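Sequence order for the protein chains is Z and F. Residues 1 to 282 in this note's numbering are what the first sequence spells out, letter by letter. Residues 1 to 238 in this note's numbering are what the second sequence spells out, letter by letter.
Calculated from the structure, these hints are not laboratory results. This one's a predicted model, so the numbers in the text were calculated from it and none came from an experiment. Hints may be right or wrong, so weigh each one.
With a straight-line cut-off of 30 Å between C-alpha atoms, the simulated DSSO-like cross-links for lysine-lysine are [said to hold, decoys possible]:
id : chain 1 : residue 1 : chain 2 : residue 2
1  : Z       : LYS165    : F       : LYS167
2  : F       : LYS111    : Z       : LYS41
3  : Z       : LYS226    : Z       : LYS41
4  : Z       : LYS226    : F       : LYS120
5  : Z       : LYS229    : F       : LYS184
6  : Z       : LYS226    : F       : LYS111
7  : F       : LYS184    : F       : LYS120
8  : F       : LYS111    : F       : LYS54
9  : F       : LYS184    : Z       : LYS226
10 : Z       : LYS41     : F       : LYS167
11 : F       : LYS108    : Z       : LYS229
Quick look at which bits of chain F chain Z covers, simulated, 3 or more residues with Cβ under 8 Å [what the hints assert, rightly or not]:
id : segment
12 : 52 to 65
13 : 76 to 82
Cβ pair distances, simulated, as ranges [to be verified]:
id : chain 1 : residue 1 : chain 2 : residue 2 : range
14 : F       : THR59     : Z       : ALA97     : 35 to 45 Å
15 : F       : PRO104    : Z       : ILE149    : 44 to 54 Å
16 : F       : HIS103    : Z       : ILE266    : 39 to 49 Å
Each residue gets a CB set at the ideal place from its N, CA and C atoms; glycine is no exception.
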Amino acid sequence: MTKMLETLKMYLQFPFVQYALIVGTLIALCSSLLGVTLVLKRFSFIGDGLSHVAFAAMAVAGVLHLSNDMLFTMPVTVLCAVLLLRAGQNSRIKGDAAIALISVSTMAIGYLLLNLFSTSSNLSGDVCSTLFGSTSILTLSQTEVWLCIALSVVVVAVFILFYNKIFAVTFDESFAHSCGTRVESYNLLIAVVVAVIIVLAMNLVGSLLISALIIFPAMSAMRVFKSFKSVTICSAVLSVCCALIGILVSIVAGTPVGSTIVGVDIIAFLVFCLIPAIRRRA
Amino acid sequence: MSQLVCKDLVLGYEGHVVQQDVNFSVERGDYLCIVGENGSGKSTLMKTVLGLNKPMGGTITFGDGLRNNEVGYLPQQTQVQRDFPATVWEIVLSGCQARNGAHPFYGKEAKALARQNMEKMHITQFSKRCYRELSGGQQQRVLLARALCATQKLLLLDEPVSGLDPKVTAEMYGLIERLNREDKVTIIMVSHDIGAAVHYANKILHVGSTMFFGTTQEYRRSAIGARFLAEEGDDKNA
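Work the whole structure out from these sequences, hints included.
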């Protein structure tokens, strides 16, 4: 035990570990905030679809040899998010199918492009790290960390400022519309923020595991808490804790960062599922 | 001047006409019931008046000091709401969203209004309770309180008693009638319950292959009214 703490202490002195902890915490916080809305609006899968879009966009950026791929990935993902939500509004089934279509086709195109035009000697390694985010979080540059901090601040600020409107639009779109609330604009806002979060989270857990980061904290919080506010706060706190524990465990145990975080999220979910049953017993 | 006038309205969505030649007007303090067979366009009419659907023809005019965002709406429950984690207080307060305008948070005034309307609907004791744990009738009262936060002038109710048992239904009708009588709130209600419609409303709009708009007495005497009342009466006796 003391040996583990020693190792941890040693690692924590490295700037790249500190960066990973900062970025991991912020991404976990941002992704959990909108999770509640996405789960309730039956848009849980949009995170998954968009992350595949981001994967393809990254592949294209790689092929074009762009120095900062986020500048390309971000707008493309935002655009797709807008298109997906538009499709989802007209009819639920169409939206569902649209997400499935976009997610598999972008995945295929992304992998195809990487195979055809890649200059890297370790192609499967590259693909694996984009999908599972295995190492990229430990290789963050200072600029990326600052960019992540700035975007996180924007996301949190937007969420707090529009908290009441987001609640109204999530609970009852028709009623919000009848009050003169611009429902479409808020749906658009939600879509854009989700896209931003996903591109940020690509670094942390990779594109395959992002949905977990968005959905698990919200689902866990919804098992136990009864008001929208407490569910939101609980899912944010839970998500941050799970991310921190996950990163620390992965450093000490040498496991992949993304899947360890998701593993901790799953354990938390199971514990939260048990809480109502225990309460009823007591 | 009328609060709401619909003239030669053509209802429909995605280029598909559901109903045409819808004409009616509502004065302050009216209690209008919209009746008709399933699929005749009652809910579409509701959504068109609210601005959720664009009319395919004709005009909707608001008057008598009523603006189009001053309509309180009680929608039919959606699947999303049945397992939504929100307290009664959060939901009622969200009725104040129009009043708030661009301000991101609810002020003292909005909170006082929410409290007052919760008292009026007898749901103050549920304030901290979770919406999904309430009974159907209690949930409807929560949504009614929310609609009252949006307006004191005109309420649009989309089948407010569907799925409620007879006792709770009677209570709900009582609450709505009191709002209409005492607070002079104009009521427009889509209803399947023709018996209650002719009992409570002073005006009836019948949508279907034959249209009717007039007072309840005229409706009872009209051919379509007499036929519809008789059919529904048979259904109930059967």
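#### Entry: Unmet hints by their number, sorted upward, for this structure
1, 5, 8, 9, 10, 12, 15
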